[in-house]
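Heads up: the sequence lines are chains A, B, C and D, in that order. Everything in the first sequence is counted per the UniProt record's numbering, starting at 1 for the first residue and increasing by one. Everything in the second sequence is counted per the UniProt record's numbering, starting at 1 for the first residue and increasing by one. Everything in the third sequence is counted per the UniProt record's numbering, starting at 1 for the first residue and increasing by one. Everything in the fourth sequence is counted per the UniProt record's numbering, starting at 1 for the first residue and increasing by one.
Hints listed in this document are in silico derivations from the structure and should not be mistaken for laboratory results. Each residue gets a CB set at the ideal place from its N, CA and C atoms; glycine is no exception. Careful: at least some of the hints might be erroneous.
Here are the computed distance ranges between Cβ atoms for each label pair [said to hold, decoys possible]:
(1) D:Arg26 - B:Lys43: 28 to 38 Å
(2) B:Glu59 - C:Arg80: 21 to 31 Å
(3) C:Glu280 - A:Lys127: 33 to 43 Å
(4) C:Thr221 - A:Leu72: 47 to 57 Å
(5) C:Thr221 - D:Lys50: 54 to 64 Å
(6) B:Gly109 - C:Glu79: 29 to 39 Å
(7) A:Glu54 - D:Trp39: 53 to 63 Å
(8) A:Ala121 - C:Gly31: 10 to 20 Å
(9) D:Lys182 - C:Asn212: 40 to 50 Å
(10) B:Gln69 - A:Glu66: 51 to 61 Å
(11) B:Glu66 - A:Ala56: 43 to 53 Å
(12) C:Tyr265 - D:Gly181: 41 to 51 Å
(13) B:Asp53 - A:Glu66: 43 to 53 Å
(14) D:Arg82 - A:Ala73: 27 to 37 Å
Which residues of chain D face chain A? A few of them, derived with a C-beta cut under 7 Å, are [unchecked claim]:
(15) Trp104
(16) Gln108
(17) Ser109
(18) Ser178
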Amino acid sequence: MTRPRDIHDYLDAFDDIPGTRVYTAARARMGYHLNQFAMSLMKAENRARWLADERAYLEEWPMTEEQKQAVLARDYNRLLDLGGNIYFLAKLFSTDGLSFLQAVSTMTGMSVEDYKAMMDAGGRSPKGVRSIKANREAQGAAKEEIR
Amino acid sequence: MTRPRDIHDYLDAFDDIPGTRVYTAARARMGYHLNQFAMSLMKAENRARWLADERAYLEEWPMTEEQKQAVLARDYNRLLDLGGNIYFLAKLFSTDGLSFLQAVSTMTGMSVEDYKAMMDAGGRSPKGVRSIKANREAQGAAKEEIR
Amino acid sequence: MARITAGIASSHVPLLGVAADTGKDRDAYFGPIFEGYDWTRKWIARPENKPDVVILVYNDHASAFDMKIIPTFAIGCGERYRPADEGWGPRQVPDVEGHPDLAWHIAQSLILDEFDMTIINEMDVDHGLTVPLTMMYGAPDAWPAKVIPLAVNVVTYPPPSGNRCWALGEAIARAVQSFKGKDLKVHIWGTGGMSHQLQGTRAGLINAEWDNMFLDSMIGTTQALRSIPHIEYLRETGSEGIEMVMWLIMRGALGRETRALHRHYHVPCSNTAIGHIVLEPVDGTVPASPTLEGNNAAAQGAI
Amino acid sequence: MARITAGIASSHVPLLGVAADTGKDRDAYFGPIFEGYDWTRKWIARPENKPDVVILVYNDHASAFDMKIIPTFAIGCGERYRPADEGWGPRQVPDVEGHPDLAWHIAQSLILDEFDMTIINEMDVDHGLTVPLTMMYGAPDAWPAKVIPLAVNVVTYPPPSGNRCWALGEAIARAVQSFKGKDLKVHIWGTGGMSHQLQGTRAGLINAEWDNMFLDSMIGTTQALRSIPHIEYLRETGSEGIEMVMWLIMRGALGRETRALHRHYHVPCSNTAIGHIVLEPVDGTVPASPTLEGNNAAAQGAI
Ligand SMILES: [Fe+3]
Ligand SMILES: [Fe+3]
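Model the full structure from these sequences, guided by the hints.
Now the structure itself:
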């Protein structure tokens, strides 16, 4: 390849991974206050205030209404889309008493039981979830054969 | 030279400069709380408490008695010997209303007027204050000649 | 003089800390994981293997560092560190004692070697650091080794490259060799990984084949792991598999050739593939410092 | 696309801020100092020279960073920065507006190029950053350029080597060239110095001969400054002269060859020799990135 190799190519490749958001600068900027809010739940006194009135606590943070709604709904996929990072969001689901496995399973469209069963059986295979582009090309090739 | 080149040689060379303490790890560790105390004077409310009762304010910091005495005496050469760094100590003399020139002059054994006059005339020449070892050798050579 | 006598890699899944702290570490779920560490616990308790200091490479998971400040490489030069409150109260484990003499020596040496270190004197340490201590030492009243925390950013992209991590390990080895204090046995531990993805519809990804290739390549003289790009970790091992670049700091510090003393791999722990390996240097040679301040007569010669 | 159109070096003595803020900048003492900046103020006000963004290399003087955390290279990626209270109340100058788009792009690029950056999103900025703005722009209601603060540790030893600083400049140049946002004119400023010593019986040291050698060597194609060891700065230019390594980041970013547009040297300002130079790149070529993630097809190729 002759095009310049730089951060753009590096970042573009990340968009080729199915069902995955890499926590790049773009996401870090969008989610700045969302993540700082989540971080604040590391302090016991903040957790108490948060648990007493979630909405009121959220109002103290310059987050978008969309981010606030997604927090209240514990919609983790949405929160990742809005710039959340899983290690920051962990303070939120930990405060809810959820484990990583429970919280993570909510993002897969599987029930927590099915997700746990998949993990116990060896986890999700990387086959077919490595590259959106490769999947598309494979589909094209398959159609080609059928014709 | 065949001896290993590493941080030890790098640091040893610093001790060869007359009238100078380089702010190395060894000094940074010794002066940790002294410098953090000075840093605290960046906040207006801390400055007010400090000015109201210097000794009481100092007691809040895990500094050595020697460091506390040197702070109370504004003995900046001593403070540097005890691990102080000039940029941290600047918060102390700034709180006293002293300029860098006034505070720095106190370390030279010169009056502030004489020090200022020296600066206005072009500053202190590096001649003869580059190297303790070189000075010693030059003295030896001079004695040699006299004999 | 100090010398690196071994390298240990281990996952640092927070749930392992919970299991150990609540006495579940020998139940049906956690038993097979902890059993894989029994060999190491016995080995490390023997006087000839016991390290005086552990350089513990880990990543902070939004505990000591928030988004205000993100150091790529941060080295702890402080006297002690408290376990962090990660949202459910701090773990009830001993404080971590530092080794400021060796830590500052390493920090200073690394900067002369042109690594742009961030020096830390005060911070709390999270599961990334305390879980490996638990896995290796169980639940003592005090940790049996001093610890130099080396925190690596693997959360906000880009993390350091594999090559940079390996090179940092080599520079750490040079620094340890040139320490002039007490005779110290030093371990270097690389933590995190192996394959796991904690997000999105692809969550739960595990790649045992790739993980085992990675374990294989930690052994011997190959430097193949050094040039794996970030995108390969992401595709093959899930979005959080990138933590494995931290193992390369450990590997780089062991020098030209390693031998494996013990190896353990288990799926799953929560969402993660547990990997653990104990290595010793066979030929601990590392390249000389290429830098002026670290290595050139002119930089130290008197005028 | 963005391009580096000029490099400026300047001392950043806090007293210059005091003089400007209290209207003493044209008195008998300060007049000769500020007159040396008149050329630059006129030049930089012309539309063709006005930068959209200034990458402002400076050091924090125990303001944003205390001894708890000491980053070697910290880059500000935030939206805005307030002037710090350095012990006598904050300077009454405008807030400093950042340029997060370009700053994050540079930060990410530098890490791929194996610089171990610390990313900063919130901090106050001290005289090291605000005094150069005053010297170049006077006292406007708002600073006419966005600023990317690049804070370098030159207080706790060891600071980065001259070579490392120069190489960082080269990597910054590559990063600016590869920016894909709006067409931006970018300046890079190196601040601090020149000779001064603020401590001990040797305080007040000034070395006009060495300082002028340094100014001479910022011009043209020579890379002689790159390999000056720390000990030479200390011996020749006083304990605080080491700040001049920051000028080398600016010089490195200007590429192979520079031309001087303006030059000013004056002794004294308080304890310090004032140095100021305006450079433009003649041949802005910098070496290609030597790293895998930054430069190798394998790192980006789809699998
Ligand atoms: Fe982790
Ligand atoms: Fe300065």
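For each hint, the structure was consulted:
no. : hint                            : result
1   : D:Arg26 - B:Lys43: 28 to 38 Å   : 34 Å, holds
2   : B:Glu59 - C:Arg80: 21 to 31 Å   : 23 Å, holds
3   : C:Glu280 - A:Lys127: 33 to 43 Å : 36 Å, holds
4   : C:Thr221 - A:Leu72: 47 to 57 Å  : 55 Å, holds
5   : C:Thr221 - D:Lys50: 54 to 64 Å  : 56 Å, holds
6   : B:Gly109 - C:Glu79: 29 to 39 Å  : 37 Å, holds
7   : A:Glu54 - D:Trp39: 53 to 63 Å   : 59 Å, holds
8   : A:Ala121 - C:Gly31: 10 to 20 Å  : 18 Å, holds
9   : D:Lys182 - C:Asn212: 40 to 50 Å : 48 Å, holds
10  : B:Gln69 - A:Glu66: 51 to 61 Å   : 59 Å, holds
11  : B:Glu66 - A:Ala56: 43 to 53 Å   : 51 Å, holds
12  : C:Tyr265 - D:Gly181: 41 to 51 Å : 45 Å, holds
13  : B:Asp53 - A:Glu66: 43 to 53 Å   : 52 Å, holds
14  : D:Arg82 - A:Ala73: 27 to 37 Å   : 35 Å, holds
15  : Trp104                          : 4 Å, holds
16  : Gln108                          : 5 Å, holds
17  : Ser109                          : 5 Å, holds
18  : Ser178                          : 4 Å, holds
Hint compliance for this structure: every hint is met.
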